[in-house]
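Enquirer: So you can see what is in the structure, the chains are spelled out below.
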Amino acid sequence: MYFEAEIKGRKYKVDVTEGRAAWKVSLQEEGKDWTHYDISKNDYKFAEEYVSFLFEGKSYLIDVIGQDTEYTVFARNSFRTIKIFNDEMLLHESLKKGSGFGGDEELKAGMPGKIIEIFAKKGDIVKANKPLLIMEAMKMENEMRASRDVKIKEILVKQGDSVETGAVMIKFEEPV
Amino acid sequence: MYFEAEIKGRKYKVDVTEGRAAWKVSLQEEGKDWTHYDISKNDYKFAEEYVSFLFEGKSYLIDVIGQDTEYTVFARNSFRTIKIFNDEMLLHESLKKGSGFGGDEELKAGMPGKIIEIFAKKGDIVKANKPLLIMEAMKMENEMRASRDVKIKEILVKQGDSVETGAVMIKFEEPV
Amino acid sequence: MQKPFNKILIANRGEIAIRIIRACRELGIISVAVFSDADRDSLHVFLADEAYHIGPSPSKESYLNYRKILEVAKTAGADAVHPGYGFLSENTTFAKACVDAGINFIGPTPENIDAMGDKISSKLLMKKAGVPTVPGSDGGVETVEEALSIAERIGLPIIIKATAGGGGKGMRVVRKMDELESAYRACRSEGQNYFANPTVYIEKFVNDPKHIEIQVFGDKHHNHVHLFERECSVQRRNQKIIEECPSPSVPNEVRLKMGAAAVRAAKQINYVGAGTIEFIFDNKTKEFYFMEMNTRLQVEHPITEIVCGFDLVKEQIFVASGRPLSFKQEDIHQKGHAIEARICAEDPVTYKPSPGVIRACRHPQGPGLRVDSYAYPGYEVPIFYDPMIAKVITFGETREEAIDRMQRALTEFVLTGIKTNIVLHKTILDHPKFRDGSYTTQFIEKNFEVIEPLLFKEIDDPMFLIAAAITAYNDRKSKDVRQLNITSNWKRTGRKLQLRT
Amino acid sequence: MQKPFNKILIANRGEIAIRIIRACRELGIISVAVFSDADRDSLHVFLADEAYHIGPSPSKESYLNYRKILEVAKTAGADAVHPGYGFLSENTTFAKACVDAGINFIGPTPENIDAMGDKISSKLLMKKAGVPTVPGSDGGVETVEEALSIAERIGLPIIIKATAGGGGKGMRVVRKMDELESAYRACRSEGQNYFANPTVYIEKFVNDPKHIEIQVFGDKHHNHVHLFERECSVQRRNQKIIEECPSPSVPNEVRLKMGAAAVRAAKQINYVGAGTIEFIFDNKTKEFYFMEMNTRLQVEHPITEIVCGFDLVKEQIFVASGRPLSFKQEDIHQKGHAIEARICAEDPVTYKPSPGVIRACRHPQGPGLRVDSYAYPGYEVPIFYDPMIAKVITFGETREEAIDRMQRALTEFVLTGIKTNIVLHKTILDHPKFRDGSYTTQFIEKNFEVIEPLLFKEIDDPMFLIAAAITAYNDRKSKDVRQLNITSNWKRTGRKLQLRT
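Residue numbers (my numbering), protein chains in the order written: chain Y, 1 to 176; chain G, 1001 to 1176; chain Z, 2001 to 2501; chain U, 3001 to 3501.
To be clear, the hints were calculated from the coordinates, so they are not data collected in a lab. Be a bit skeptical, because a hint or two may be false.
Stated by the list, open to error - Okay, derived cross-link-like pairs now, DSBU-like style, lysine-lysine, Cα gap no bigger than 35 Å in a straight line: (1) Lys3096/U x Lys1114/G; (2) Lys127/Y x Lys108/Y; (3) Lys2007/Z x Lys1058/G; (4) Lys3286/U x Lys3204/U; (5) Lys3007/U x Lys41/Y; (6) Lys121/Y x Lys2352/Z; (7) Lys2267/Z x Lys2003/Z.
Being a predicted model, the structure only gives us computed values, none of them experimental.
Please model the complete structure; the sequences and the hints are all you need to start from.
Expert: Structure below.
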């Protein structure tokens, strides 16, 4: 099965084949050669809560969370969020414009919370790293700043609103 | 729903009714009066791994394991094994002869193990508390003794056999 | 030994509620938990002997609703209440209400709380007691203009604090004049929102200081002792995340001076129970200044319990029941070294809270280790309360052993489903400035701006990619499997129907 | 500090393998786990840095297969092997093979093991060293007749022991002459089956004794010290289940005498590493007799680690690398009190092993507590190995606090799906004979014949009945629900088909 994956901004081509006793996984980082891994199913073992992954002589206790296009892999108190697209999805992607998976035309809520204050209005130009709004969650006020110079296209929340994870709060114009 | 239950040899009639927000459970120990309990569903709460049961002002963290006719309830490092029969089963029971649910016409393996030695043969009469066989499990030799005076009807295992949990090893004649 | 109380209600939640439940159980005292809507499945409810619902999820309507809590205490027949830390622990009204209701409040007297509750008057009190204090506005600052003029007088950097604030809330450091106004307003608004009091004051901000605090204890017989120091300089967003005991930076003669000053402070207000005097510590001059007193048990009390060898919560209970302190100053010694890491449900890079459902959860175990946690698999960390879900405390013969042990403990701590700061802790523990003990309260701010590479160096990507790829493969496959099941079910049902006809 | 070794292979499983992995990780040493078929999902495999398969489930073909283990050690590039306890820990052949392969064996010398491996010759050695010993057959007993005559000479009760035996296997007490023959045969057969040696010997059975043992330590520079005693008299089937340190029954002068005798024993054979001298202790006369020496780390080592304040596993590693002992006799003191409870997968009434799948599992946490466990939710306890799955160790300022704390810890230990002896431990801890410390090795035998009522007094039946009834109700209901699903699936599929056509 063919996938395209992105981890920390780096893109990979991925191929997975399932055998009776082993997995064959091949990885190719953009501009590099393919690397092939043979993983015995007894080395990638589902143990109730976790996966015990014996990989290149090391023992990892891992947990993989997510679905569709985004997976977070936990291992040894570290984690990676990996975007992964199968053939179908790649099709949809290609239809969407915008600079790659990482593209960011909006400000989303990273967690459930409450809007305390909004510093910008429609049409404003906000310089990179300047505050857009303050959101309260878990009794802390979190200042959300612009990741780049942005022009406000639309503001979908107002002071006092409660927002859920992933809710779009502000839309920006395309980068100029 | 009507049940009959047995706990530590004592028999109970049990009636369970489910409401939208609460359980109604009634218990009657043999020869005693009915006691009625109203249990709010928020007081009998499934919390992932356990059930948190707030009962008569006390907080119990419990786990119930089993199915069909036998349930083991764990709470505060203590546990009870409870035999419980719904209408259907009671019918079947009534067809079987033998002294009630607890009746014991055979020696079963309490755990998986290996038969080390057998002391009796078909037709033997073995006095209560005398050894019937030695079974090895978890590196210990466990001597199985007769719970009452028994006459051996049939021996279904031989020295060196490996047995699974619940396997019948020896059948006894009806008590005289 | 006769029981100090029969039944104690714990007016708190999470790990500290559990800490107190344990002390009660070991003393044969019945423990009563209280819980909000969001906390029906919280571990403190499971572990207590009894548990009662007290209201909706927001703290204001549950854990801060002292009338409701008092009512429950009476219904349950509790003869004492332990407030833990935060929530009602420093609320005079509650303390008074308990006393009036004939229920013992396990903590300082209302007078003690009042005396130290206001940062401004407490500072004056401390001056009187001969405890060194920091230059600043000797009172509330009512206007931006006033704030500006004070800033000019004592010079930048300054720190603005809400008089009623605490725990990093209503607190801002100002290093540039043009930051002052927004910081001033922010503090006032947070003070208003969280503590119903907008008053703020200003102090000279000792540049690059350490945070050293002294544990004190008093009883109802005018006995006061100190249990030496804790260093709590590792902070993010002005909140402690790693504490250690003893401090690697306090010379013994200074340690004794600080202890003596802390005892003077406690005697000045005839303090009862467990309390902490926080000092700003200048690591160059080894000068120390009174910052504030916390009139309650601290989150980080375990490192003192381990190094001094006493159970501070049991001692609180005994003292509240009227017993004299079970130890004298000369019985108290530091032995070995202890470190605490606060494990929070938050993004280790942005420090943003990351509430959600915990999946796998296996706590560290083994030698030289203590864990106070309320996490369990399947537990949903609510968004309403503090993001700290566990404390990992390690100890050893030496500081080095305690640190190595903490690294070991965190490596074996499995906690998935939510983001945590475990990996941040591991990075801190490996940092040369932490290893050599020279770190200050600005340690994280200064050294962890670009933290990601540090955090994620441990393992390379292929392992992660392979795991994600195999999972994606299985997810895709399982969809087809579901299709299959439906058809086969259909077949089975089909057969059933035939049989019926 | 330079690392004593680079990589250590741990030739063991379960909690002790994990204990050693932790010591390695804290010292920056890479840990290598080995596992049998049954142990692919065992926690020691998850926690180690590296893990290798060594064979089928039965010990003989995996954890006792020293050739395979040595081969793995070479492949993995380990420069040392730690055998833990049991399995190959007292196997001279293995110890020699390691040395020959240039791999450091973390334990005593082969000569040490041989000297103490045979209970008969070791007894003579100890006589020579001036260590008190018990009257009995000064050698193997080859016939039942011989056994009978010895029994008549030294008088009943006697104990028959397989020369090569240990851990309660190949051991029988005889109180009536007519029990002697079957006991004699049983010991020989167990000796043959487990230790490939049917030889047995006979000793006077000190009536109603205590089991007191002394921890000793030696290095490669002829230094030998003792770390005081442990009392291990709480036993079932001749296996320890609760140990404490210090013993409530040993007066200090006797304690010092026993320590001195133990050091003489260690010096007699120039012992290297951690070892334990087990004594039979007569609580009336306070006399003690040498029983045997265990030339390895003990299950119960943690209570000594806590009370004396040293990490014995790290010390083993340092000593094996050639370092002199890090402590002298005068540095070693007992502080506070520690208790260990062995949690076994067994029926608390019949003591029969209860292997199976663990469902819920939450270990105790909090102050004064150490847990060494390899249980986790969903783990299947295999039938092939020892039923001990966890050790709970508590400590406190006093014996009373340690006991109360153990009760607290066991109360919060949630472990379901299999039967465990947790409730047995709780009953023991509450028993007056345990509380007053007068208990002996026959404590359980004598006081727990009819244990059920004691065990189950804690909660009355209705709570259990209601829980079972609600579950039975839901099970019954869910069957109907399943029916429903099938039909609705059928409907859905039906629709699908229509769409297709």
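Enquirer: All hints, please: hold or fail.
Expert: Hint check:
{"no.": "1", "hint": "Lys3096/U x Lys1114/G", "verdict": "holds (34 Å)"}
{"no.": "2", "hint": "Lys127/Y x Lys108/Y", "verdict": "holds (18 Å)"}
{"no.": "3", "hint": "Lys2007/Z x Lys1058/G", "verdict": "holds (13 Å)"}
{"no.": "4", "hint": "Lys3286/U x Lys3204/U", "verdict": "holds (17 Å)"}
{"no.": "5", "hint": "Lys3007/U x Lys41/Y", "verdict": "holds (27 Å)"}
{"no.": "6", "hint": "Lys121/Y x Lys2352/Z", "verdict": "holds (25 Å)"}
{"no.": "7", "hint": "Lys2267/Z x Lys2003/Z", "verdict": "holds (28 Å)"}
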